[in-house]
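Undergrad: Residues per chain are reported as follows:
2 protein chains.
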Amino acid sequence: MLNFEISLPTRMVLGRGVQERAGEFLKKFDATKVLLHYGSDRIKRTGLFDQIAASIAREGISYIELGGVQPNPRLALVREGIALCKREGVDFVLAIGGGSVIDSAKAIAHGTAYDGDVWDFFTYKVPVTKTIGIGTVLTLPAAGSECSMSCVITKEEGWLKRGVNTELNRPLFSLLNPELCTTLPREQVAYGAIDMICHIMERYFTNTPDVQVTDRMAEGVIMAAMEAAKTAYADPTDYEAQAQLMWCSTLAHNNILGVGKEQDWSSHQMEHELSALYDVPHGAGLAVLFPAWMRYVYKHDVRRFAQFANRIFGIVIDPFDLEKTALAGIEALEAFLRGLNLPLKLHELGIGEDRLMEMAQKTKKTNLPAEETVGGFVHLSTQDCYNIFKSAL
Amino acid sequence: MLNFEISLPTRMVLGRGVQERAGEFLKKFDATKVLLHYGSDRIKRTGLFDQIAASIAREGISYIELGGVQPNPRLALVREGIALCKREGVDFVLAIGGGSVIDSAKAIAHGTAYDGDVWDFFTYKVPVTKTIGIGTVLTLPAAGSECSMSCVITKEEGWLKRGVNTELNRPLFSLLNPELCTTLPREQVAYGAIDMICHIMERYFTNTPDVQVTDRMAEGVIMAAMEAAKTAYADPTDYEAQAQLMWCSTLAHNNILGVGKEQDWSSHQMEHELSALYDVPHGAGLAVLFPAWMRYVYKHDVRRFAQFANRIFGIVIDPFDLEKTALAGIEALEAFLRGLNLPLKLHELGIGEDRLMEMAQKTKKTNLPAEETVGGFVHLSTQDCYNIFKSAL
Numbered sequence: 001m002l003n004f005e006i007s008l009p010t011r012m013v014l015g016r017g018v019q020e021r022a023g024e025f026l027k028k029f030d031a032t033k034v035l036l037h038y039g040s041d042r043i044k045r046t047g048l049f050d051q052i053a054a055s056i057a058r059e060g061i062s063y064i065e066l067g068g069v070q071p072n073p074r075l076a077l078v079r080e081g082i083a084l085c086k087r088e089g090v091d092f093v094l095a096i097g098g099g100s101v102i103d104s105a106k107a108i109a110h111g112t113a114y115d116g117d118v119w120d121f122f123t124y125k126v127p128v129t130k131t132i133g134i135g136t137v138l139t140l141p142a143a144g145s146e147c148s149m150s151c152v153i154t155k156e157e158g159w160l161k162r163g164v165n166t167e168l169n170r171p172l173f174s175l176l177n178p179e180l181c182t183t184l185p186r187e188q189v190a191y192g193a194i195d196m197i198c199h200i201m202e203r204y205f206t207n208t209p210d211v212q213v214t215d216r217m218a219e220g221v222i223m224a225a226m227e228a229a230k231t232a233y234a235d236p237t238d239y240e241a242q243a244q245l246m247w248c249s250t251l252a253h254n255n256i257l258g259v260g261k262e263q264d265w266s267s268h269q270m271e272h273e274l275s276a277l278y279d280v281p282h283g284a285g286l287a288v289l290f291p292a293w294m295r296y297v298y299k300h301d302v303r304r305f306a307q308f309a310n311r312i313f314g315i316v317i318d319p320f321d322l323e324k325t326a327l328a329g330i331e332a333l334e335a336f337l338r339g340l341n342l343p344l345k346l347h348e349l350g351i352g353e354d355r356l357m358e359m360a361q362k363t364k365k366t367n368l369p370a371e372e373t374v375g376g377f378v379h380l381s382t383q384d385c386y387n388i389f390k391s392a393l
Numbered sequence: 001m002l003n004f005e006i007s008l009p010t011r012m013v014l015g016r017g018v019q020e021r022a023g024e025f026l027k028k029f030d031a032t033k034v035l036l037h038y039g040s041d042r043i044k045r046t047g048l049f050d051q052i053a054a055s056i057a058r059e060g061i062s063y064i065e066l067g068g069v070q071p072n073p074r075l076a077l078v079r080e081g082i083a084l085c086k087r088e089g090v091d092f093v094l095a096i097g098g099g100s101v102i103d104s105a106k107a108i109a110h111g112t113a114y115d116g117d118v119w120d121f122f123t124y125k126v127p128v129t130k131t132i133g134i135g136t137v138l139t140l141p142a143a144g145s146e147c148s149m150s151c152v153i154t155k156e157e158g159w160l161k162r163g164v165n166t167e168l169n170r171p172l173f174s175l176l177n178p179e180l181c182t183t184l185p186r187e188q189v190a191y192g193a194i195d196m197i198c199h200i201m202e203r204y205f206t207n208t209p210d211v212q213v214t215d216r217m218a219e220g221v222i223m224a225a226m227e228a229a230k231t232a233y234a235d236p237t238d239y240e241a242q243a244q245l246m247w248c249s250t251l252a253h254n255n256i257l258g259v260g261k262e263q264d265w266s267s268h269q270m271e272h273e274l275s276a277l278y279d280v281p282h283g284a285g286l287a288v289l290f291p292a293w294m295r296y297v298y299k300h301d302v303r304r305f306a307q308f309a310n311r312i313f314g315i316v317i318d319p320f321d322l323e324k325t326a327l328a329g330i331e332a333l334e335a336f337l338r339g340l341n342l343p344l345k346l347h348e349l350g351i352g353e354d355r356l357m358e359m360a361q362k363t364k365k366t367n368l369p370a371e372e373t374v375g376g377f378v379h380l381s382t383q384d385c386y387n388i389f390k391s392a393l
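Chains as they are written, first to last, in the working numbering: chain R, 1 to 393; chain B, 1 to 393.
These are calculated hints, taken from the structure and not from any lab test. Source: prediction; values computed, not measured. Note that beta-carbon positions come from the ideal geometry of N, C-alpha and C, so glycine has one too. Misleading hints may appear alongside valid ones.
Stated by the list, open to error - When the alpha-carbon atoms are kept at most 27 Å apart in a straight line, the in silico BS3-like pairs for lysine-lysine are as follows:
hint: 1; chain 1: B; residue 1: Lys324; chain 2: B; residue 2: Lys364
hint: 2; chain 1: B; residue 1: Lys230; chain 2: B; residue 2: Lys345
hint: 3; chain 1: R; residue 1: Lys28; chain 2: R; residue 2: Lys130
hint: 4; chain 1: R; residue 1: Lys364; chain 2: R; residue 2: Lys125
hint: 5; chain 1: B; residue 1: Lys28; chain 2: R; residue 2: Lys130
hint: 6; chain 1: B; residue 1: Lys44; chain 2: R; residue 2: Lys28
hint: 7; chain 1: B; residue 1: Lys86; chain 2: B; residue 2: Lys155
hint: 8; chain 1: R; residue 1: Lys155; chain 2: R; residue 2: Lys390
hint: 9; chain 1: B; residue 1: Lys44; chain 2: B; residue 2: Lys33
hint: 10; chain 1: B; residue 1: Lys299; chain 2: B; residue 2: Lys364
hint: 11; chain 1: B; residue 1: Lys28; chain 2: R; residue 2: Lys125
hint: 12; chain 1: R; residue 1: Lys299; chain 2: R; residue 2: Lys364
hint: 13; chain 1: R; residue 1: Lys299; chain 2: R; residue 2: Lys390
hint: 14; chain 1: B; residue 1: Lys345; chain 2: B; residue 2: Lys324
hint: 15; chain 1: B; residue 1: Lys130; chain 2: R; residue 2: Lys27
hint: 16; chain 1: B; residue 1: Lys130; chain 2: B; residue 2: Lys44
hint: 17; chain 1: B; residue 1: Lys345; chain 2: B; residue 2: Lys390
hint: 18; chain 1: R; residue 1: Lys324; chain 2: R; residue 2: Lys299
hint: 19; chain 1: B; residue 1: Lys44; chain 2: R; residue 2: Lys130
hint: 20; chain 1: R; residue 1: Lys28; chain 2: B; residue 2: Lys125
hint: 21; chain 1: R; residue 1: Lys28; chain 2: B; residue 2: Lys130
As the list claims (entries may be wrong) - According to the in silico footprint, chain B covers these stretches of chain R (three or more CB under 8 Å from chain B):
hint: 22; stretch: 12-21
hint: 23; stretch: 116-127
Based on the provided sequences and hints, a complete structural model is requested.
TA: Following this line, the structure appears as structure tokens:
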């Protein structure tokens, strides 16, 4: 096990009706003027916006609003939000939505507390050293941004999708009401499930020995997430399955399942380039690329892939043929994804081979700050990235 | 799943040499005068005290010291520490030790920030509303106090062992160096292992349905803790096994494995009375009482005990005889405990039947504030507690 540090200060609140407590938590964290940040007008039609606004008004806190966040959240809107917050003296951003809205809110909060251009953080020109308050009302379990150190923004010019990791990305509080997920379209349930499962697998495939505790916990959360995903995909109105998924989403990416180990993340980096260029759902891109990555790298440590197959899917380990066991595990994962009607090949997303090398080259450059390789489990060259994209055609 | 709230703000730092960072973290948390609180002089003979003192001195922070904490930490020393802290203007208590030292430090910190008698907190006369800074350098993985909301103190008059739960019990930081555990006597490794495993099992046996995520995580940590315990018991110098145990200790009791569910805790409450009266090691008492409790209550939900047997010990579930499966799981747990040379019966601790009813009656009274029953999974009467004690003779 590697030396590590972790704290999870975000106040996580999960249960029925918890969005009604937004005002209570904003007051607790000394908010005086709040930006309510969201995506489409759907939250107004469902009444969610009004419930939250009313709970804030009850505490005598004022607010303004900015909607319009798109999947793969855009820098232009972040800049608009920063200008608005500075002009209006906002000291707290409350995200109402999924990972895209939350990431947009994080970037707005950091930019509001900074005199320069917010993109500086995403090019690692300057570190994030201060921010204003950030809270969330989660509506889509997937990205884990409600408790994570991550924030990923897309710059429209050149379609660059870049992330910044900092402790300041952890929200002060997150309100998780599974009831809000029961009206999600089935494909959103599926995209969310594969995203959280990939967040765990990116941490699971490691070269660090002696990580039994995190291995066992990760396996447990993957199994629970898969079961809940099947149930919620079959019937999104199932409150209990949605509750499991919401909690898995948080656990998958707050790094409690990643401490003390080298992690990989090459599939996520490749997918960032894919969705930046083609604007496909992140979950759809991951469903294609993660199994492709697994098939490309499994021989690097066939024992770990055999353990994955055995502990997640109950596949009996053949000690005479670990490779067969490993491949059976990858096939079982693909069968799970197919069961959620997720794509397994790029052509299912309408993507051909014309821009594969461009994405491979951008994947390498994304890996800031200034590391030479992509991936911690297996270091991938540009050619390796190209090969994985190509194998997924 | 029940509605829940959780945050884990304690900065957990695990790795080689981390005690050398005590000064850095004390400075980060604005300590100006620190009480170094510990048990025996062993930490002076090993050089640990001097390493920590030197790191504090490097930051220009002053300190005083108070040793002498005993297992089942005593109220008298807590009161002495509070008087000392008030007299000397101490604003931070750094515990160097295991759960007893940390609990004593927590009580001192709360009492220092309070004008009345510290025992008021433990009789639920007043809630803990403020405290001074608390940090830890952990030397014994067991109680999980390094990240938990718990604090348990024993009042010598009447040998009352009482706990108080509050968010203010979570330390600001905890430094976990597994190297410090490699000189532990083997029986301490065993006592620590059963304590952390029981902390998980007290949460695992629940009547709350739809808690798959926490079930799976709990099973994972129990399995990893058992494997690490066997290794570390056979060879306490095994750094990696001690690292697993240190991390399990924290996870077992910071409530990440207990959210959203009704918990039990009757075995712990009964053991508190046992160790308060007979001053036996907490781990030894738990090794006797937890299996006795299991055998007394398993019929309440034989399916959950069968799941435990299957997932923890790989026992094949007999769908025609779940009871047989359940009992096989309890037997497997007992075999694990025997493998660590832990006692399974009270007579092995030199305890006879003369004071069983006294302990049963005190167990009921312990269950403050003012609840009528002990235990969340199965509500136990005084007679039930007596029966369990008696079955363990």
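Undergrad: Does each hint hold? Answer for all of them.
TA: To see whether the hints hold, each was checked on the structure:
At most 27 Å may separate the alpha-carbon atoms for a hinted pair to count; B:Lys324 and B:Lys364 exceed this at roughly 31 Å. Between B:Lys230 and B:Lys345 the CA atoms are separated by roughly 21 Å; this keeps the pair inside 27 Å, and the hint holds. Restraint check: the Cα-Cα separation between R:Lys28 and R:Lys130 comes to about 19 Å, which is no more than 27 Å; the hinted pair holds. With a C-alpha separation of about 18 Å, the suggested pair R:Lys364 and R:Lys125 falls inside the 27 Å cut-off, and the hint holds.
This hinted pair checks out: B:Lys28 and R:Lys130 have alpha carbons roughly 16 Å apart, not beyond 27 Å. Straight-line distance between C-alpha atoms of B:Lys44 and R:Lys28 comes to about 43 Å, which puts the hinted pair past the 27 Å bound. The hinted pair formed by B:Lys86 and B:Lys155 meets the criterion: a straight-line CA distance of about 21 Å does not exceed 27 Å. Proximity of R:Lys155 to R:Lys390 is assessed by CA-CA distance (about 26 Å); at most 27 Å being required, the pair is judged to hold.
Between the alpha carbons of B:Lys44 and B:Lys33 the distance comes to roughly 20 Å, so the proposed pair stays at or under 27 Å and holds. Under the criterion of a C-alpha separation no larger than 27 Å, the hint pairing B:Lys299 with B:Lys364 is consistent with the structure, at around 22 Å. Using a Cα cut-off of 27 Å, the hinted pair B:Lys28 and R:Lys125 holds, with the two alpha carbons roughly 26 Å apart. For the given pair, R:Lys299 sits about 22 Å from R:Lys364 by alpha-carbon distance, which is consistent with the 27 Å threshold.
Between R:Lys299 and R:Lys390 the alpha-carbon distance is near 19 Å, which keeps this suggested pair within the 27 Å criterion. With a CA separation close to 22 Å, the supplied pair B:Lys345 and B:Lys324 stays within the 27 Å bound. Annotation: proposed proximity of B:Lys130 to R:Lys27 holds, straight-line Cα distance about 19 Å (limit 27 Å). With a CA separation close to 32 Å, the supplied pair B:Lys130 and B:Lys44 exceeds the 27 Å bound.
Annotation: proposed proximity of B:Lys345 to B:Lys390 holds, straight-line Cα distance about 10 Å (limit 27 Å). Of the pairs offered as hints, the one joining R:Lys324 and R:Lys299 holds, with about 11 Å between alpha carbons and a cut-off of 27 Å not exceeded. With a C-alpha separation of about 41 Å, the suggested pair B:Lys44 and R:Lys130 falls outside the 27 Å cut-off, and the hint is violated. A threshold of 27 Å between alpha carbons decides the hint, and for R:Lys28 with B:Lys125 the separation of about 26 Å falls inside it, so the pair holds.
A distance of roughly 16 Å separates the Cα atoms of R:Lys28 and B:Lys130; the hinted pair therefore holds under the 27 Å criterion. Residues of the stretch 12-21 of chain R with a Cβ under 8 Å from some Cβ of chain B number 6, which satisfies the need for three, so the listed coverage holds. For a cut-off of 8 Å, the count of residues in the stretch 116-127 of chain R with a CB near a CB of chain B stands at 0, and the three-residue condition is violated.
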